[in-house]
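Guided by the hints, dock chain B onto chain A, whose structure is given.
2 protein chains.
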Amino acid sequence: MLEALLNTDTVKWAEMPKEEKNGIVVSSRVRLARDLKQVPFPHRLNAETGEACVKLLEQAWQSCQVQLPQFEWKNPEELTDEEKQLLLEKRMITPKFAENAKKWERLLVKEDGSLSVLCNEEDHLRIQCMLPGLALEECLREANQLDDCLEQVLDYAFDERFGYLTACPTDVGTGMRASILLHLPAIRMSGQLSKVVQNMSQLGLNMHGLYGDGTKAFGNLYQISNQITIGQSEKEICSFLETVAGQLVEQEKQLREDLKQKNPYPFIDRITRANGLLRNAYMLDAAEALSLLSDLRLGVDMGIIEEIPTSVINQMTLLSNPGHLQRKAGRKLSAIEKDNLRAKFIQEKLSVAKTS
Amino acid sequence: MLEALLNTDTVKWAEMPKEEKNGIVVSSRVRLARDLKQVPFPHRLNAETGEACVKLLEQAWQSCQVQLPQFEWKNPEELTDEEKQLLLEKRMITPKFAENAKKWERLLVKEDGSLSVLCNEEDHLRIQCMLPGLALEECLREANQLDDCLEQVLDYAFDERFGYLTACPTDVGTGMRASILLHLPAIRMSGQLSKVVQNMSQLGLNMHGLYGDGTKAFGNLYQISNQITIGQSEKEICSFLETVAGQLVEQEKQLREDLKQKNPYPFIDRITRANGLLRNAYMLDAAEALSLLSDLRLGVDMGIIEEIPTSVINQMTLLSNPGHLQRKAGRKLSAIEKDNLRAKFIQEKLSVAKTS
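From first to last, the protein sequence lines stand for chains A and B. Read in order, the letters of the first sequence correspond to residues 0 to 355 in numbering that gives the first Met the number 0. Read in order, the letters of the second sequence correspond to residues 0 to 355 in numbering that gives the first Met the number 0.
Hints may contain errors.
It does not matter which identical chain is used: a pair holds within one copy or between any two.
[Unchecked claim] Result set (SDA-like, lysine to any residue): computed pairs, CA atoms no more than 25 angstroms apart in a straight line:
no., residue 1, residue 2
1, K343, D268
2, K348, R278
3, K83, L4
4, K234, S189
5, K252, L87
6, K337, Q260
7, K331, P265
8, K194, A59
9, K337, G302
10, K337, L258
11, K102, G302
12, K348, I267
13, K327, I267
14, K327, V243
15, K337, I303
16, K343, L254
17, K343, M206
18, K259, R278
19, K259, I335
Source of the hints: derived by calculation from the structure; they are not laboratory data. Please read these numbers as outputs of a predicted model, since none were measured by experiment.
So here's chain A without its partners, still in its complex pose (with noise of 0.2 angstroms):
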């Protein structure tokens, strides 16, 4: 089941259905962190405990079995490094995981990979849901129906007045993160992604790059999620970071439309020339195309280059990543048969893309 999910190119969050036409959300992410009463948190668990721990989340998830069918349990011991990198390139795990997984540590995983959860990483459970487009209603529906299944079973740290009670203080109240990856490359072509970042910051809320806190925003995604956890419901803090969301859609397209208006022919070359690179280029390495993959995005959703669906788009980009590459080509490859691998990859998705 999982190894179904790794051999594709996809992953739920990337799968943007064909007809919604928003290139400028890509995806949405709720996450919710949970811990145990009468239980160490996760950092201060050792063999003993750990394994104690183990068996009460093994023995929830079973009883949640017949709710929730298409779930599977995973030892992280039982992961190859290259499935671990896989996993993380789609989103699933976290780089923690990914690298230094105790030996109580268990992932707790959906087969579309659009619901994960991470067992004793920084809580005893970390719930995920992410799914294409504007979707935090959706995310946290599908996030609740596995956190109240898990309730069933669980006794949870819960306090009357903070609400739930975590490892890191900063997740106390509804242990909730949402968050919302957008494609900017207006903002920052425009030199306001600075200011755009300190407006967040203002409003309660983080930008960072696709692969979460402090990683680079290569391909010109960005991800905006709530800093503050109590105080204020799931509900409300989804709906807030929504309607911030739509207000960045908005400035980008202005922008967007401002870029094409000043300068046209250097503004469509850039995106015409992506496309021909992406095309007919032998070697391409990661930064380039994603940089490249990024214009040709822009030019599908302004109309500047024929239709790609955002799927296939998604696609390349994932495709783009060390991970994805080496499983597609099914064999360890040097630096250089990665580029060219990846512009082969690439070439072929477009011109599917094309005749489909």
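Structure of chain B alone, referenced to chain A:
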């Protein structure tokens, strides 16, 4: 007649027959310098003697009309600056004639542009024939045919010991300058160009760019020509030049293979990118277009990209020049429009070549 030639994107020397596959030798050229006895050399002509000389030359041409019907006699005053620019880009006139033709200068031209005669420019007559591929003998034959015809009427300055007497002493003897235009990207990329230029000089040959002495070799196109016009027959000079050209072709081929063997990935990448940019860019400046067309020519020769007829590549090279671009557009263009239409016209040529 001249009008028809000016309205095409091509000229005889650019029209390599489809069955000929040697992409390294672009074209051949023979030029004969002839001067009249008892008439001052052109730089010493004045309004009166110039007018008298023109009459002599025009009468001679009229007496040849039955034998050579496809020729037109043109006063440069009847040509616009744009038309002179077109003839210059087709290599049928010199920059001097284009910019600063005197009242008594004339142009005699064959309708396909293969033969042209500059009257009273550097010499009383400069008869030139240019043909595609390696064809010096045929160029010489055609130039001689016109020369013989004119000589039946005109009295050439000829000395039994020195041969033809010309305005510039470096042309005395045969009065012939033969040249071959070659595409030598691998010699340049391998850093061997200056050594080759030195070798040519030791062999009594000159090497320079597409548009004559001192011009930059845009698009890796280089001409070799004889320095010495005396002491050897026309046929000997042509034959020697073709032998040297053959050696350059072999050297170029070997270096192409070496470059490809040594670093196949970046070598192929360079070519596929050029193909992608030529087919997709929204703007191309002249220098970039010529450089990409050179990579395309190389890629076609080496079978790295699909077959494109040499004549189409030559047409795109001609179209990269400002005069051809403006003529095809049919109006004055701003710099940015030039770059845009250059890209557009090249794409049209390429898309037709693809389906044919």
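These are the hints, each one checked on the structure:
1. K343 / D268: both (23 angstroms within a copy, 11 angstroms between copies)
2. K348 / R278: Cα proximity of K348 and R278: in one copy and across copies (10 angstroms, 19 angstroms).
3. K83 / L4: Cα proximity of K83 and L4: one copy only (12 angstroms, versus 66 angstroms across).
4. K234 / S189: neither (33 angstroms within a copy, 65 angstroms between copies)
5. K252 / L87: neither (30 angstroms within a copy, 48 angstroms between copies)
6. K337 / Q260: Only across copies: K337 and Q260 sit 19 angstroms apart there, 38 angstroms inside one copy, limit 25 angstroms.
7. K331 / P265: between (39 angstroms within a copy, 21 angstroms between copies)
8. K194 / A59: neither (46 angstroms within a copy, 79 angstroms between copies)
9. K337 / G302: between (31 angstroms within a copy, 24 angstroms between copies)
10. K337 / L258: Cα proximity of K337 and L258: across copies only (21 angstroms, versus 34 angstroms in one copy).
11. K102 / G302: Intra 51 angstroms, inter 56 angstroms, cutoff 25 angstroms: neither.
12. K348 / I267: The answer is both: 23 angstroms in one copy and 21 angstroms across copies each meet 25 angstroms.
13. K327 / I267: between (33 angstroms within a copy, 23 angstroms between copies)
14. K327 / V243: neither (37 angstroms within a copy, 51 angstroms between copies)
15. K337 / I303: The answer is between: 20 angstroms across copies meets 25 angstroms, while 30 angstroms in one copy does not.
16. K343 / L254: Classified as neither; 33 angstroms inside a copy, 27 angstroms across copies.
17. K343 / M206: Classified as neither; 33 angstroms inside a copy, 41 angstroms across copies.
18. K259 / R278: Close inside one copy (23 angstroms) and across copies (22 angstroms); limit 25 angstroms.
19. K259 / I335: between (36 angstroms within a copy, 15 angstroms between copies)
Consistency with the previously given hints fails for numbers 4, 5, 8, 11, 14, 16 and 17, ordered from lowest to highest.
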